[in-house]
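With the hints as a guide, bring both chains together as one complex.
Here are the chains, one letter per residue:
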Amino acid sequence: GDQVEQSPSALSLHEGTGSALRCNFTTTMRAVQWFRKNSRGSLINLFYLASGTKENGRLKSAFDSKERYSTLHIRDAQLEDSGTYFCAAENQGGSAKLIFGEGTKLTVSS
Amino acid sequence: NAGVIQTPRHKVTGKGQEATLWCEPISGHSAVFWYRQTIVQGLEFLTYFRNQAPIDDSGMPKERFSAQMPNQSHSTLKIQSTQPQDSAVYLCASSPNERLFFGHGTKLSVL
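Quick note, the sequences are listed as chains A and B, same order.
Quick note on this note's numbering: the first sequence kicks off at 1326 and runs consecutively.
Quick note on this note's numbering: the second sequence kicks off at 2 and runs consecutively.
Among the hints, erroneous ones may be present.
Label-pair ranges, simulated between beta-carbon atoms [as the list claims (entries may be wrong)]:
#: 1; chain 1: A; residue 1: His1339; chain 2: B; residue 2: Val13; range: 38 to 46 angstroms
#: 2; chain 1: B; residue 1: Pro85; chain 2: A; residue 2: Asp1401; range: 39 to 47 angstroms
#: 3; chain 1: B; residue 1: Leu112; chain 2: A; residue 2: Arg1400; range: 44 to 52 angstroms
#: 4; chain 1: A; residue 1: Gly1341; chain 2: B; residue 2: Lys79; range: 46 to 54 angstroms
#: 5; chain 1: B; residue 1: Thr39; chain 2: A; residue 2: Gly1377; range: 31 to 39 angstroms
For lysine-lysine, the following DSS-like pairs were computed, each having C-alpha atoms within a straight-line distance of at most 30 angstroms [to be verified]:
#: 6; chain 1: B; residue 1: Lys63; chain 2: B; residue 2: Lys108
#: 7; chain 1: B; residue 1: Lys12; chain 2: A; residue 2: Lys1362
#: 8; chain 1: A; residue 1: Lys1362; chain 2: B; residue 2: Lys79
Take a look, some chain B residues computed to stay more than 12 angstroms from chain A by CB distance [stated by the list, open to error]:
#: 9; residue: Thr8
#: 10; residue: Val13
#: 11; residue: Gly17
#: 12; residue: Glu19
#: 13; residue: Thr21
#: 14; residue: Trp23
#: 15; residue: Ser28
#: 16; residue: Gly29
#: 17; residue: Pro62
#: 18; residue: Asn72
#: 19; residue: Lys79
#: 20; residue: Pro85
#: 21; residue: Gln86
#: 22; residue: Asp87
#: 23; residue: Val111
To be clear, the hints were calculated from the coordinates, so they are not data collected in a lab.
Yeah, the Cβ is synthetic: ideal placement off N, Cα and C, and Gly gets one too.
The following block holds chain B by itself, in its conformation from the complex (with noise of 0.2 angstroms):
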């Protein structure tokens, strides 16, 4: 078992362009989540989807931020014109019931 899988693991971006990133699941886990680590902020609830379907996207800024769950083995978070407040560690969880396992992060530098 890999584990949560996330890619990159860093990826810089120049402001304005836009970012993808990817999340695999433990395979058999129900629920995927997206969340978002910064110094000032800390971790942040960005949105979650269970069976594919998203079922809570309320942490998710209004603009620019989306993601999707086209299939059971990999959901993406998909930044548009990013900005360098979207400077973070965006870090993906799956769970099969209530536990929660994390990936180890993609680090966002938007310059």
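Next comes chain A alone, as it looks inside the complex (with noise of 0.2 angstroms):
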């Protein structure tokens, strides 16, 4: 079936730097969005991309459907962002079920 391959499953950053989280599908999607869990459990819903990029704050999203990636950049991070982030991708079928990558979980420290 479809997949999400979301990469790295973990990741330690220093306050103040940056990196990159991506996210592969084995087929073509139509969509994407990410999500980042806080500390309270939820589910928050960062970006949906249908292509392009989208930038907010200190997150800048990118979506390549042809090129079946989509990433998600964090720079200056902060301790805040700790949590576990998400991609999740639709289909082509028409449904709008969505497609979870595994989480990347993301450490910020001092």
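This is how it looks when you write it as structure tokens:
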């Protein structure tokens, strides 16, 4: 079936640094969403992309349907950015259901 | 805006009992989704409704699981004859268009 491969599974950053998370798709996806699971366990919607890039503060996401990947860049990481990040993609089949990646556990330290 | 409200936050049932999970979507959102999260399987789609109509239940186990949306203000997920492998966090989400907004989830523990 359709798969979403998310990497890395874990990431440690010092405050002020940055890095990127990536999701590869085994098939062409229609759109991607990125979420962060906060300390209370809630999934917070960060981005929805059907194509191109979007930026929100220190976060920037890109989605290339043809090349079958999406990225989430974090710059100037802060302690409160710590949490587990998930990508989730919709396939082209017409259903709005999302296929989730396995998540990236980000730890930001001072 | 209180967000998506799920009740209860935690539910403990004995094997073979029935469990009903409740979800109140964000007012005005036309779609409601149910997902399940476990350590082993991660986040799995179960089912979703649009304008109260069931659209895709391809993720629902064929037996014992059912979902309803009797009105636009709430949806329920019912699990009959619960089994230990049903233990998971059950997440409800609503959407006005494409973006999903999740509730806190209901942690179901089947003993």
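For each hint, the structure was consulted:
1. For A:His1339 and B:Val13, the Cβ-Cβ distance of about 41 angstroms falls inside the hinted range of 38 to 46 angstroms, so the restraint holds.
2. Evaluation of the 39 to 47 angstroms hint for B:Pro85 and A:Asp1401 yields a pass: the beta carbon distance comes to about 45 angstroms.
3. Distance hint check: the CB atoms of B:Leu112 and A:Arg1400 are about 46 angstroms apart, consistent with the given range 44 to 52 angstroms.
4. Separation of A:Gly1341 from B:Lys79 is about 49 angstroms and conforms to the stated range, judged on CB atoms against 46 to 54 angstroms.
5. Checked against the given bound of 31 to 39 angstroms, the beta carbons of B:Thr39 and A:Gly1377, roughly 34 angstroms apart, stay inside it.
6. Among the hinted pairs, B:Lys63 with B:Lys108 is consistent with the structure: their alpha-carbon atoms are about 21 angstroms apart, no more than 30 angstroms.
7. This hinted pair checks out: B:Lys12 and A:Lys1362 have alpha carbons roughly 21 angstroms apart, not beyond 30 angstroms.
8. Restraint check for A:Lys1362 and B:Lys79: the C-alpha separation of about 25 angstroms stays at or below 30 angstroms, so the hint holds.
9. Even its closest Cβ contact with chain A, about 15 angstroms, leaves B:Thr8 beyond 12 angstroms, as expected for a residue assigned away from the interface.
10. Here B:Val13 stays apart from chain A, with its beta-carbon at least about 17 angstroms from theirs, past the 12 angstroms limit.
11. For B:Gly17, the requirement that its beta carbon stay farther than 12 angstroms from each beta carbon of chain A is met, with the minimum near 28 angstroms.
12. With a least CB separation of 25 angstroms from chain A, B:Glu19 remains clear of the 12 angstroms interface cut-off, as annotated.
13. In this structure B:Thr21 is separated from chain A by more than 12 angstroms, as the shortest Cβ-Cβ distance comes to about 21 angstroms.
14. Residue-level check passed: B:Trp23 sits 17 angstroms from the nearest beta carbon of chain A, beyond 12 angstroms.
15. With a cut of 12 angstroms on Cβ distances, B:Ser28 stays outside the contact zone with chain A, its closest approach being about 17 angstroms.
16. With 12 angstroms as the threshold on Cβ separation, the claim that B:Gly29 sits away from chain A holds: the shortest Cβ distance comes to roughly 16 angstroms.
17. No beta-carbon of chain A comes within 12 angstroms of the beta-carbon of B:Pro62; the shortest separation is about 15 angstroms.
18. The beta carbon of B:Asn72 is kept farther than 12 angstroms from every beta carbon of chain A, the shortest such distance being approximately 21 angstroms.
19. With a least beta-carbon separation of about 20 angstroms from chain A, B:Lys79 lies farther than 12 angstroms from that chain, consistent with its non-interface assignment.
20. Distance check on B:Pro85: its Cβ is at least 22 angstroms (rounded) from any Cβ of chain A, clearing the 12 angstroms threshold; non-interface status holds.
21. Against chain A, the non-interface label of B:Gln86 holds: every CB pair exceeds 12 angstroms, the least being about 19 angstroms.
22. B:Asp87, annotated as away from the interface, keeps every beta carbon of chain A farther than 12 angstroms; the closest lies near 19 angstroms.
23. The Cβ of B:Val111 sits about 19 angstroms from the closest Cβ of chain A, beyond the 12 angstroms cut-off, so the non-interface label holds.
Against the hints set out earlier in the document, no violation occurs for any number.
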